[in-house]
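Engineer: Next come the chains, spelled out residue by residue.
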Amino acid sequence: MLSKSLHAKHNELSKTEKQLEILSSGIFKDGTLPTFANKIKAAGQFPLRPKKIEILQLNVGYMCNQVCAHCHVDAGPDRKEIMTVETMQQCLDVIKNTGVHTLDLTGGAPEMNPNFRWFVEEASKLGVQDFIVRSNLTIILANKKYHDLPEFFAKHNIHVISSLPYYKREKTDKQRGDGVFDKSIKALQMLNEVGYGMPNSNLKLDLVYNPSGAFLPTDQKALENDFKKALKEDFNIDFNSLFAITNLPISRFLDYLINSDNYEDYMYALVEAFNPKAVENVMCTNTISVSYDGWLYDCDFNQMLGLKVASAEKHISQFNEESLSNRTILISQHCYGCTAGAGSSCQGTVA
Amino acid sequence: MEKTYYDPADLKKFGKISEWNEALGDKFFDYYGKVFEEGSLTAREKSLIALAVSHTVQCPYCIDAYTGDGLKRGITKEEMMEAVHVAAAIRGGATLVHSVQMMNKYDKLSM
Ligand code: SF4
Ligand code: SF4
Numbered sequence: 047m048l049s050k051s052l053h054a055k056h057n058e059l060s061k062t063e064k065q066l067e068i069l070s071s072g073i074f075k076d077g078t079l080p081t082f083a084n085k086i087k088a089a090g091q092f093p094l095r096p097k098k099i100e101i102l103q104l105n106v107g108y109m110c111n112q113v114c115a116h117c118h119v120d121a122g123p124d125r126k127e128i129m130t131v132e133t134m135q136q137c138l139d140v141i142k143n144t145g146v147h148t149l150d151l152t153g154g155a156p157e158m159n160p161n162f163r164w165f166v167e168e169a170s171k172l173g174v175q176d177f178i179v180r181s182n183l184t185i186i187l188a189n190k191k192y193h194d195l196p197e198f199f200a201k202h203n204i205h206v207i208s209s210l211p212y213y214k215r216e217k218t219d220k221q222r223g224d225g226v227f228d229k230s231i232k233a234l235q236m237l238n239e240v241g242y243g244m245p246n247s248n249l250k251l252d253l254v255y256n257p258s259g260a261f262l263p264t265d266q267k268a269l270e271n272d273f274k275k276a277l278k279e280d281f282n283i284d285f286n287s288l289f290a291i292t293n294l295p296i297s298r299f300l301d302y303l304i305n306s307d308n309y310e311d312y313m314y315a316l317v318e319a320f321n322p323k324a325v326e327n328v329m330c331t332n333t334i335s336v337s338y339d340g341w342l343y344d345c346d347f348n349q350m351l352g353l354k355v356a357s358a359e360k361h362i363s364q365f366n367e368e369s370l371s372n373r374t375i376l377i378s379q380h381c382y383g384c385t386a387g388a389g390s391s392c393q394g395t396v397a
Numbered sequence: 831m832e833k834t835y836y837d838p839a840d841l842k843k844f845g846k847i848s849e850w851n852e853a854l855g856d857k858f859f860d861y862y863g864k865v866f867e868e869g870s871l872t873a874r875e876k877s878l879i880a881l882a883v884s885h886t887v888q889c890p891y892c893i894d895a896y897t898g899d900g901l902k903r904g905i906t907k908e909e910m911m912e913a914v915h916v917a918a919a920i921r922g923g924a925t926l927v928h929s930v931q932m933m934n935k936y937d938k939l940s941m
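Chains as they are written, first to last, in the working numbering: chain A, 47 to 397; chain B, 831 to 941.
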């Protein structure tokens, strides 16, 4: 189990340039596998272009109470990067002035940002259709001051999306840390108690499944059925949908792949499962991701690789919808993760 | 050339067997694909059966493939090991049940 981020350990993979270098050398340079650009060129889908911006995904900070082994954010208790009120205000202005209908707060643990509640209150006044908070569940139990989060979420009709690697203790704790499973179960029950995920309730609770290792997820619907059955039988827990997400080969997951000698096989599996239909709906086509310090990215993954949008205006304070819609999306081999099999995005299968 | 009987990389080349006999190769893969579709048995159950059988036929390619497939489907290591024990029990039982034939023969030939 990990206890520190790559950043705190001064691991060279905490440098985005190093990750990008790995992703474009070796098997992709020597022609063993086609680069993502060449693959989508062959499918007539190059360059990757955005559609209308519908989703604003805000990463409000890299601080987290967990240090999950697969975390693509390299988040953890030792990460101090936090979005300021000023940047949050700039985000609110953008939401007000654009046709964004979905607001997606992520982190780290977004709830750990001290301005989190203020922001939720302000943003919910703007009437976005779908207001998502990605909660890691355990934060609700981490400290007394978070115990009322379920009521707070319900009050603002927040759509809660939470990771639960598996419906059994061993796999979950191995990926996310000892004790995480029991706390997650308790948090899910607390969310159910206020109405989340219950039949006949509008309060939506979705779960996210990430494979706990160097393999791709199987059919989302089959997994959802397994999760629903097991969580209901074992813990009387209800939830709405399960999203199966492929782990992208960046940050801590890339570090794991390399150290466990799985990198090449994993990339081979991703390339082999390439699905051109998934390319049409990858999340970068209708999302803009904003980092804690206000920079704009095509997606959360590009944010973690330091690949700012290819547009003249790159900061939330200069947000320009027109120039953003004319940009080209920046890609590298990690994009194979979004386009393997049924595809993967922050909201699961896309094809 | 590597002087080993098995190379993990060969698993990825399995599809190439069709190159030397397309008609039969295609028929096999078509059949194979259909067998593993969801039916009266779930795809998950079929994956566990495949894993158990791979152990009895001792095919390292299939063991790799169906361990990976099981992981994807959320099959736990406990379930996998139980499936292998089922295979081992049948295999052991099949050996031992033939001892009845040995015993019969022995008795027949003995005074
Ligand atoms: S809970 Fe999420 S953000 Fe926190 S370490 Fe785990 S994967 Fe990363
Ligand atoms: S990682 Fe996925 S979402 Fe991001 S740019 Fe690549 S394909 Fe798009």
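Wrong hints could be hidden among the right ones.
Claimed, not checked - Within a straight-line C-alpha distance of at most 16 Å, the following computed EDC-like cross-link-like pairs (lysine to aspartate or glutamate) qualify:
no., chain 1, residue 1, chain 2, residue 2
1, A, 275, A, 252
2, A, 217, B, 868
3, B, 876, A, 318
4, A, 229, A, 219
5, A, 97, A, 326
6, A, 97, A, 368
7, B, 842, A, 310
8, B, 876, B, 912
9, B, 842, A, 265
10, B, 907, A, 216
11, A, 360, A, 326
12, A, 217, A, 228
13, A, 267, B, 894
14, B, 843, A, 318
15, A, 250, A, 239
16, B, 907, A, 219
17, A, 217, B, 909
18, B, 842, A, 219
19, A, 278, A, 310
20, A, 214, B, 868
21, B, 843, A, 339
22, B, 846, A, 318
23, A, 267, B, 868
24, A, 201, A, 168
25, B, 907, B, 894
26, A, 214, B, 867
27, A, 250, A, 310
As the list claims (entries may be wrong) - These stretches of chain A come out as covered by chain B in the derived footprint (C-beta under 8 Å, 3 or more residues):
no., stretch
28, 209-217
29, 225-231
Think of the hints as simulated: they come from the structure by calculation, not from any bench.
Glycine residues also receive a C-beta, built at the ideal position from the N, C-alpha and C atoms.
Engineer: Hint by hint, note whether the structure agrees.
Structural biologist: A quick look at each hint next to the structure:
no., hint, verdict
1, A/275 / A/252, "holds, 15 Å"
2, A/217 / B/868, "violated, 26 Å"
3, B/876 / A/318, "violated, 23 Å"
4, A/229 / A/219, "holds, 10 Å"
5, A/97 / A/326, "holds, 10 Å"
6, A/97 / A/368, "holds, 11 Å"
7, B/842 / A/310, "holds, 13 Å"
8, B/876 / B/912, "holds, 14 Å"
9, B/842 / A/265, "violated, 21 Å"
10, B/907 / A/216, "holds, 10 Å"
11, A/360 / A/326, "violated, 24 Å"
12, A/217 / A/228, "holds, 12 Å"
13, A/267 / B/894, "violated, 25 Å"
14, B/843 / A/318, "holds, 12 Å"
15, A/250 / A/239, "holds, 13 Å"
16, B/907 / A/219, "holds, 15 Å"
17, A/217 / B/909, "holds, 13 Å"
18, B/842 / A/219, "violated, 33 Å"
19, A/278 / A/310, "violated, 38 Å"
20, A/214 / B/868, "violated, 24 Å"
21, B/843 / A/339, "violated, 48 Å"
22, B/846 / A/318, "holds, 15 Å"
23, A/267 / B/868, "holds, 13 Å"
24, A/201 / A/168, "holds, 13 Å"
25, B/907 / B/894, "holds, 14 Å"
26, A/214 / B/867, "violated, 26 Å"
27, A/250 / A/310, "violated, 38 Å"
28, 209-217, "holds (count 4)"
29, 225-231, "violated (count 0)"
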